[in-house]
Amino acid sequence: MTQLIDRTRYWQGFPKMPVPKQEGALDGRVVDLVLAILAFVLGGGVLLLLPTQIDGESIRAITSIRSPAFFPTLGALLMCLVALLLAMRVIKPVSVKTVEHETNDDDGAGNLMRSGSIGILILVYGLLLFVIGMIPASVLFIVCSARVFGYTNFWGIGALAVVIPTLVHFLFEGLLNVLLPTGWVF
Amino acid sequence: MFTVITIVAAGTGLLAGIFVGALPGLTATMAVAVLAPFTFFIDVTIGIPFLLGVYKGAIYGGSIPAITINTPGTAASAATAIDGHALARRGRIRLALETSLFASVLADLLSTIVLIMVAAPLASIAIRFGPPEFVLLYLFALTMIAGVSGDDFVKGLFSAVAGLLLAVIGLDPMSGYQRFTFGVTELMGGISLVPLLIGMFALSEILIQAEKGRRTQETVAGHGGKGLSWRQARALIPVSLRSSVVGTGLGALPGLGAEIACWISYGLAKRRSKRPQRFGKGSLAGISAAEAGNNAVVPAALIPMMVFGIPGDTITAVLLGAFMAHDLMPGPLLFERSPVLIYSFFAVLILTNILLIAFGLFAIRHMRHITRIPPGLLYPAVTVLCFAGAFSVNNSSFDVVIMLAGGLIGYGMRKIDLPIPPLVIALLLASGLENALRQSLMLSGGTLDIFYTRPIALTLMLLLGASVSMLIWRQWNLRKSRSRPTKRVIQ
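Top to bottom, those sequences are chains A and B.
For the first sequence, position 107 (counting from the first letter as 1) is numbered 107 according to my numbering, and the numbering increases by one without interruption.
For the second sequence, position 419 (counting from the first letter as 1) is numbered 419 according to my numbering, and the numbering increases by one without interruption.
Some hints could be false.
[Stated by the list, open to error] Calculated cross-link-like contacts (lysine-lysine; reagent style BS3-like; alpha-carbon spacing at most 27 angstroms):
(1) B:Lys212 / B:Lys415
(2) B:Lys226 / B:Lys281
(3) B:Lys415 / B:Lys480
(4) A:Lys92 / B:Lys281
(5) B:Lys274 / B:Lys226
(6) B:Lys415 / A:Lys92
[Stated by the list, open to error] Counterexamples of contact, computed for chain B against chain A with all Cβ distances above 10 angstroms:
(7) Phe2
(8) Thr45
(9) Ala126
(10) Leu241
(11) Lys274
(12) Met324
(13) Pro339
(14) Leu458
(15) Ala466
[What the hints assert, rightly or not] Under 8 angstroms between C-beta atoms, here's a sample of chain B residues computed to sit facing chain A:
(16) Val161
(17) Leu164
(18) Leu165
(19) Ile206
(20) Ala210
(21) Leu377
(22) Ala381
(23) Asn395
(24) Ser396
(25) Leu441
To be clear, the hints were calculated from the coordinates, so they are not data collected in a lab.
Think of the CB as a built atom: it goes at the ideal place given N, C-alpha and C, for glycine as much as any other residue.
Just need the whole structure built from these sequences, with the hints factored in.
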């Protein structure tokens with residue numbers, strides 16, 4: 001999903017020049033609310049964990065420059081400030097008036113499913129690396145993920161599944177003398 | 001220092017960069033992040049020139065799919081697609097590609113000359129900077145990056161502070177106490193930077209691309225017609241020069257990368273043009289402006305990185321990581337400690353510029369076909385390289401975990417439109433900022449007057465104040481414009 005929001009704004013010079021909206025990005029108060037909560041949790045969490053994670057230190061470390069907790073405390077307080085700013089935006093949002101809304105994204109659920117499948121495959125691949133080894137895990141990953149990406153040419157997938165792991169093996173272990181993860185297969 | 005192998009490495013990097021840049025969906029940052037670990041195990045005179053070549057090649061390569069299939073290879077080529085593809089659709093694909101190459105080479109050359117002329121004198125000034133000046137410089141860089149990396153200053157701020165908090169994991173640089181390591185030995189050295197960058201930029205990109213699915217691309221067929229004539233090239237010199245100045249200026253400022261420079265250059269060229277109505281319909285000036293703007297950023301972005309150790313954008317952040325992996329600490333002292341090496345890198349930049357002409361012409365003839373490589377072949381291969389690269393940095397399975405976590409966090413950040421660059425750059429700058437801040441406060445006995453009683457510090461303080469005011473004003477304007485009716489097209 002690509003959002004193009006009033007592209008002419010790019011041409012109005014630096015102050016009004018935003019970066020293109022990230023594809024598939026969510027909008028609005030929900031994001032601000034989630035971020036505000038996350039910022040409170042992060043900032044508050046760091047402050048709460050100070051005594052256990054930095055040898056008995058506390059929020060009072062902000063007054064002691066030599067304390068190892070000085071900078072983390074400062075960072076945590078800044079994060080709480082950001083949380084406050086986000087919370088204020090949730091309370092007083094800006095209303096976005098949209099006059100036209102068109103879409104040709106007819107496969108949103110399918111796309112999310114594909115992204116989720118790739119995510120799971122990547123996690124499984126990360127585990128298999130240390131169980132069966134880099135090369136066999138890579139072969140399996142390439143075969144499965146190419147299919148999920150919608151590529152169906154059997155010979156193409158087969159060639160890639162052989163060439164890429166072999167190349168990586170020779171490049172790292174042969175040329176650069178760097179060990180790759182090994183498992184019970186290879 | 002400057003050997004045949006250095007030239008070969010730079011040329012290989014350039015070719016690899018053009019290849020990656022020409023593939024839609026593979027970004028320049030992703031290319032440098034994925035290829036960086038390969039260079040850690042080879043000599044610095046080979047590794048860094050290779051990465052500089054990749055950086056330069058990827059930014060140029062992005063224009064190829066922008067022109068041929070109307071899909072920018074990198075975000076920096078988004079403006080090139082407007083006129084480039086319009087011209088290609090009129091059967092003048094070769095003219096569009098050669099115009100882009102001409103503007104890229106010219107802008108790159110000018111920006112490299114500026115880098116060579118400015119870097120060393122600036123370093124000799126920067127060497128007089130003390131801890132308070134560095135605190136203000138780091139804060140200026142972080143504010144700028146947080147402010148302009150997205151269209152929301154508060155979100156940028158969130159990202160930057162999250163980066164600062166991530167950076168406190170590990171040992172305290174002054175006392176050596178453990179901080180937030182949760183008893184995990186691998187965390188004592190802090191978060192491993194390169195695996196995190198690979199995860200945030202490459203893995204998250206793969207997940208985003210997986211979401212997009214298969215898309216029909218508007219490919220332009222045919223031989224491409226006539227190329228760029230000398231007369232046309234001469235006529236494009238003024239617009240290319242103006243855009244080069246814009247790109248160099250923006251590249252030297254933290255946070256303003258090639259993605260922004262291309263749009264500002266394009267907008268400026270359109271405004272200054274005698275025939276602005278031609279823009280968007282295949283204007284050569286439009287292509288030149290966009291390409292000169294984004295390519296001029298490449299050498300210019302190295303100025304803050306090399307002189308102050310402050311990366312201007314995400315690619316230079318990865319490059320900074322590579323410099324550090326080779327025991328080169330960018331900053332004013334780098335010019336005193338390793339002048340030969342630094343000037344060798346400058347020579348590499350000039351050389352790659354000459355090579356870019358040859359490789360660019362080769363790419364115009366042959367490489368435009370690689371835009372047709374299906375994602376089903378591309379992304380699985382890139383994923384395997386990501387895992388191999390992340391593991392190889394420290395031969396550690398924990399780094400793979402960091403990369404996976406980085407990938408998931410990066411994906412989540414993209415989904416809620418939270419900019420990644422402030423987090424990454426804050427993570428890189430945090431250690432320097434903490435040291436400088438604590439040293440400054442120790443020098444002043446805990447008071448803040450050290451930040452405005454020294455002339456350079458006062459100047460930087462005013463600069464910081466101006467940038468914060470400008471960002472708040474910009475945010476105010478954006479919020480006002482959002483509350484007005486806007487036209488949205490969701491494809």
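Hints versus structure:
Proximity of Lys212 of chain B to Lys415 of chain B is assessed by CA-CA distance (about 13 angstroms); at most 27 angstroms being required, the pair is judged to hold. Taken as a hint, the Lys226 of chain B and Lys281 of chain B pair is honoured in the structure, with Cα atoms around 18 angstroms apart against an allowance of 27 angstroms. At roughly 24 angstroms between alpha-carbon atoms, Lys415 of chain B and Lys480 of chain B fall within 27 angstroms of each other, so this suggested pair holds. This hinted pair does not check out: Lys92 of chain A and Lys281 of chain B have alpha carbons roughly 43 angstroms apart, beyond 27 angstroms.
Taking the CA atoms of Lys274 of chain B and Lys226 of chain B, the gap is about 25 angstroms. The hint holds against a cut of 27 angstroms. Distance check on the hinted pair: Lys415 of chain B and Lys92 of chain A sit about 23 angstroms apart at the alpha-carbon level, within 27 angstroms; holds. Look at Phe2 of chain B: its CB is around 23 angstroms from the nearest CB on chain A, clear of 10 angstroms, so calling it non-interface holds up. Once the 10 angstroms rule is applied to beta carbons, Thr45 of chain B is consistent with being away from chain A; the minimum gap is 16 angstroms.
At the 10 angstroms boundary, the C-beta of Ala126 of chain B stays outside the reach of chain A, the nearest C-beta of that chain being 23 angstroms off. Under the 10 angstroms C-beta cut-off, the non-interface status given to Leu241 of chain B relative to chain A holds; the minimum distance is some 20 angstroms. Even its closest Cβ contact with chain A, about 17 angstroms, leaves Lys274 of chain B beyond 10 angstroms, as expected for a residue assigned away from the interface. Remark: the non-interface label on Met324 of chain B is consistent with the geometry, its nearest Cβ contact in chain A lying 19 angstroms away (cut-off 10 angstroms).
The claim that Pro339 of chain B is not at the interface with chain A holds, since no C-beta of that chain comes within 10 angstroms of its own (minimum 29 angstroms). At the 10 angstroms boundary, the C-beta of Leu458 of chain B stays outside the reach of chain A, the nearest C-beta of that chain being 22 angstroms off. Every Cβ of chain A is farther than 10 angstroms from the Cβ of Ala466 of chain B; the closest lies at roughly 12 angstroms, confirming the non-interface assignment. With a cut of 8 angstroms, the hint placing Val161 of chain B at the interface with chain A holds, because the nearest CB-to-CB distance is about 5 angstroms.
Among the interface hints, the one on Leu164 of chain B holds; its C-beta lies about 5 angstroms from the nearest C-beta in chain A, closer than the 8 angstroms criterion. With a least beta-carbon distance of about 5 angstroms to chain A, the hint placing Leu165 of chain B at the interface is held under the 8 angstroms criterion. Among the interface hints, the one on Ile206 of chain B holds; its C-beta lies about 7 angstroms from the nearest C-beta in chain A, closer than the 8 angstroms criterion. Interface restraint check: Ala210 of chain B against chain A, minimum CB-CB distance 4 angstroms, threshold 8 angstroms, status holds.
With a cut of 8 angstroms, the hint placing Leu377 of chain B at the interface with chain A holds, because the nearest CB-to-CB distance is about 5 angstroms. Restraint check, Ala381 of chain B versus chain A: the minimum CB separation of about 5 angstroms is within 8 angstroms; hint holds. The closest approach between the C-beta of Asn395 of chain B and any C-beta of chain A is roughly 6 angstroms, which is under the 8 angstroms cut-off, so the hint is satisfied. Violation of the interface hint for Ser396 of chain B is found here, the shortest Cβ-Cβ separation to chain A being roughly 10 angstroms, above the 8 angstroms cut-off.
Taking 8 angstroms as the C-beta contact cut-off toward chain A, the hint placing Leu441 of chain B at the interface holds, the least distance being around 5 angstroms.
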